[in-house]
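Undergrad: In order, the protein sequence lines correspond to chains G and C. Take the first sequence: its position 224, counting from 1, is numbered 224 in the numbering used here, and each next residue is one higher. Take the second sequence: its position 123, counting from 1, is numbered 123 in the numbering used here, and each next residue is one higher.
One or more hints might be untrue.
Quick list of in silico lysine-lysine cross-link-like pairs, DSSO-like style, CA-CA up to 30 angstroms [said to hold, decoys possible]:
no. : chain 1 : residue 1 : chain 2 : residue 2
1   : G       : 86        : C       : 50
2   : G       : 8         : G       : 286
3   : G       : 58        : G       : 286
4   : G       : 86        : C       : 6
5   : G       : 8         : C       : 100
6   : C       : 35        : C       : 50
7   : G       : 10        : C       : 114
Partial list, computed: chain C residues near chain G (C-beta under 8 angstroms) [claimed, not checked]:
no. : residue
8   : 18
9   : 39
10  : 64
11  : 68
12  : 72
13  : 97
14  : 105
In case anyone wonders, no lab produced these hints; they're calculated from the structure. Ideal placement from N, C-alpha and C gives every residue a C-beta, glycine not left out.
Now for the letters of each chain:
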Amino acid sequence: MKILKLPKNKLDFFTSVVQQFGEVHAPVEQNGQFAFQPVRRWSEVRLDYNRTILPPKKYFLPPRETLLQYAGDAGYVPVMEGLDKKIVLFGVHACDVYGLNLLDLVFAGAYRDPYYQARRRNTAIIGIECTPDEHCFCRSMRADFVEQGFDLFFFDIGDYYFTLVGTALGDDMVLATGPLFEPVSHQDVEEYKRRSALKREAFRLHVEIRDLPEIFEMEYSSDIWQGLGERCLSCGACSMVCPTCYCYEVADEVQLGSREGPRARTWDSCLFATHAMVAGGENFRKTRPSRVKFRFYHKQRGFVAEYGRPGCVGCGRCIVACPVKIDVVEVLNQLRSVQNVASR
Amino acid sequence: MSLESKKKILVVDDDADFVESVSLFLEHNNFTVLKARDGSQGLKVARMEKPDLILMDVMMNERTEGFFTVQEMRRTPELAATPIFILSALYETQAGFRVKPQSSWLAHDEFIAKPVDMQALLEKIRARLGARQAAAFPAEGA
Chain G
1 MKILKLPKNK LDFFTSVVQQ FGEVHAPVEQ NGQFAFQPVR RWSEVRLDYN
51 RTILPPKKYF LPPRETLLQY AGDAGYVPVM EGLDKKIVLF GVHACDVYGL
101 NLLDLVFAGA YRDPYYQARR RNTAIIGIEC TPDEHCFCRS MRADFVEQGF
151 DLFFFDIGDY YFTLVGTALG DDMVLATGPL FEPVSHQDVE EYKRRSALKR
201 EAFRLHVEIR DLPEIFEMEY SSDIWQGLGE RCLSCGACSM VCPTCYCYEV
251 ADEVQLGSRE GPRARTWDSC LFATHAMVAG GENFRKTRPS RVKFRFYHKQ
301 RGFVAEYGRP GCVGCGRCIV ACPVKIDVVE VLNQLRSVQN VASR
Chain C
1 MSLESKKKIL VVDDDADFVE SVSLFLEHNN FTVLKARDGS QGLKVARMEK
51 PDLILMDVMM NERTEGFFTV QEMRRTPELA ATPIFILSAL YETQAGFRVK
101 PQSSWLAHDE FIAKPVDMQA LLEKIRARLG ARQAAAFPAE GA
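Okay, chain C solo, but in the shape it has when bound (with noise of 0.2 angstroms):
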């Protein structure tokens, strides 16, 4: 079993489709996957489970609904830390809002754009949870 089988991946998204095909490809990428479909029942499950990356939708029962989530989120000690991945078609439908969170106005780490290209959702997934592997365990001599 390598390594990253034990990293654990909430997806929070009010789209059942896309969190089961998500959630398919995530497992058979070995990683655990944990699902919420709203923006407080993912409050709930991170601060119980502290998974090792966040994927968050944003517009779910509210259309900023993702925002405030992210940023309740980093008000709670134990995820403040933990990586979050921003995945909205918002940009695309709400052509007057163009504040992208890439001008960093947002507590995120990665904002990907819907639709997702999964292997690269996998491969920043990995990036993350590598570094922060690498950062946890030092090569020895380092």
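Extracted from the complex, chain G is given alone in its bound form (with noise of 0.2 angstroms):
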């Protein structure tokens, strides 16, 4: 992997010249919170966000798309248009390119959907390191470094971004901006390494995910799960916020007197109450602590059953987003029978 270093304050003459590349989408202050946007001036950024309100995903899997046209005669038409636009996608935090990461496990694994794939191929992906708030437990699930997923990835050095170039697109970035970017010393390198190991100290949660599927196996029957069902109101917001919820609807949307319309794909969340309902109006789970039970399996012991690895980046957007503060870390460290989270 090549490593350069770019300054700081070339960062704006950088992301100036990688609008070739793409629209330039950034964090940008939404309110007192975050949101990836288009970068229409360079003080709009935000590199020193916490989190955005929603994660990447909205790139690659947006909230509402229309998959196909229908109409009397011409059958069902896929809806391509779009697809092909460029997108640079700067200053994403390692937990959201492991979130990426997964959701290829997806959509672009055994089962290709070619929505997804075509805006993965169109999108560039700039990374840039973060420091963990009192909500990140990505270190616990392995996702505050990336090795992959990424064209470029900034490590702040000081003056300095220390750059690792992934892909041969970050390559004809580092190019494209000619002679921003400069060779790393050997300072700089040990500057890196400092950074790295007081980051890792910074982190105030932990969740041991070793044994976490067994032991949620043993905590099948669980009184947890009924108290959680309880305090959550099915509302939805930790799937929308979650970097790896992939769960959606898709339904024609038929308007009377009409013979064409769109075939829709929305999101859709395993806690709303009609998720497992079927035809008929069987509803496999009807309850809320069935549906938010759910949830926790697919993320912790699902997910590791099909990709080895749990579908829980650590971005703690979820504690962030509930109404009625349900904690992931909380609810881990309980099955666990471990009280204090934050003192380790």
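Grab the two chains, each in its own frame, and use the hints to assemble them into the complex.
TA: Written as structure tokens, this is what we have:
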């Protein structure tokens, strides 16, 4: 892997130039929170953000998209417009890159989703190192560092960004920006290692994920699920903000008197009362405890069985978004009967 | 009145003296001049007035403002094909930034270094708008 460094005071120039690779989207502030948006001026960009409201998932699996257009005579015609739009997603945290890598397992593995894949192909990812806050536990989920899934990744080493070049496209970006990048020195490497160690120490939340699927197996009948179900409002906020929740609903949007219309895909959540409802009215998860339990089991046990790792990246978004303060770290540590999570 | 007098040119620049001098020069040469002092105002005026050509500074409120404004204009369907000339001294003042727009990374049409040679600018404007005019109204029998 190629490693270079970029002077921090040249980042605006770098971003100007990489616009040739696509529309640059980056975290900008919105009423005290952050969101990935198209960049209209460099000063809008907030690389010191903690987490965006929605993860980058929204670029690859949009909240609503038209998959097909149906018409009486033409039948079903796939809608592919806009899928070739080039985007440069700038300032993605490691946990979100990891989240995209997990989504790849679902949408670009055994079952390939052409809509997702096209967007993935046309979106460049430039990652940036971050500082964990009180809700971050990505280190526990092995998502605090990624070896792949980015074109470039920036690490703050003071006056420079230590830059990992992950792909040929990332290398093209470096080449396109001419002499902005510089070779790294031994001192730069030492500074990178020093800051990397400091970051490891900065995590305040910890979860032990080793043998967690087995503990889930043992605690299937635990009272914890009933208690959580009584608190959970089934609002689905945790699913909406989750970088790896991918459940969706597909429906033909029929209008009275019309013989044509779209077949749309919209985000769904396993917490919604209708999620497990099938034709005839049967619902396999009628109660809130059964639905909240399902969500935890899918993330921490089902995903491991299918893909060899949990479907959680430790970004902390669900903790922040939950209106009744259900905290995934607390739940996982309760299952293990570990009381203190913040002081280790 | 010549055809040229109907052409609208938007000047986006935070240097009021420069805007004034280039405006006088262009008006004297039968162009209508619209003015904006920064990128966001330039974008607003351009969307509203749909100028025939835009002269864009780079370093305004921010030193890369012109670059981002050009890209935003290109994302605006009604401005996607409007000729944009970059007028900047950036490459003289920022020695470390040697990625010149001549290398075509920016979605602009011309790069003109400041200080601007007004006569050369006029010729480039006339060439660009004349070419567009010819394309829009091909000669009879062409």
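Undergrad: With reference to the structure, classify each hint as holding or not holding.
TA: Okay, the hints, checked on the actual structure:
Note on residue 86 of chain G and residue 50 of chain C: the hinted pairing holds, with a Cα-Cα distance of about 26 angstroms set against a maximum of 30 angstroms. A distance of roughly 53 angstroms separates the Cα atoms of residue 8 of chain G and residue 286 of chain G; the hinted pair therefore is violated under the 30 angstroms criterion. For a cut-off of 30 angstroms, the pair hint linking residue 58 of chain G to residue 286 of chain G stands: about 29 angstroms separates their Cα positions. Between the alpha carbons of residue 86 of chain G and residue 6 of chain C the distance comes to roughly 36 angstroms, so the proposed pair goes past 30 angstroms and is violated.
With a CA separation close to 20 angstroms, the supplied pair residue 8 of chain G and residue 100 of chain C stays within the 30 angstroms bound. Of the pairs offered as hints, the one joining residue 35 of chain C and residue 50 of chain C holds, with about 13 angstroms between alpha carbons and a cut-off of 30 angstroms not exceeded. Between the alpha carbons of residue 10 of chain G and residue 114 of chain C the distance comes to roughly 22 angstroms, so the proposed pair stays at or under 30 angstroms and holds. For residue 18 of chain C, the interface hint is violated, the least distance from its beta-carbon to any beta-carbon of chain G being 21 angstroms, above 8 angstroms.
Of the supplied interface hints, the one on residue 39 of chain C holds, with its beta-carbon coming within about 7 angstroms of a beta-carbon of chain G, less than 8 angstroms. Given hint, residue 64 of chain C at the interface with chain G, holds; its Cβ is 5 angstroms from that chain's nearest Cβ, closer than 8 angstroms. Because the beta carbon of residue 68 of chain C sits about 5 angstroms from the nearest beta carbon in chain G, less than 8 angstroms, this interface hint is met. Annotation: residue 72 of chain C was flagged as interfacial toward chain G, and the flag holds, the nearest CB pair being 6 angstroms apart, inside 8 angstroms.
With a least beta-carbon distance of about 5 angstroms to chain G, the hint placing residue 97 of chain C at the interface is held under the 8 angstroms criterion. The closest approach between the C-beta of residue 105 of chain C and any C-beta of chain G is roughly 4 angstroms, which is under the 8 angstroms cut-off, so the hint is satisfied.
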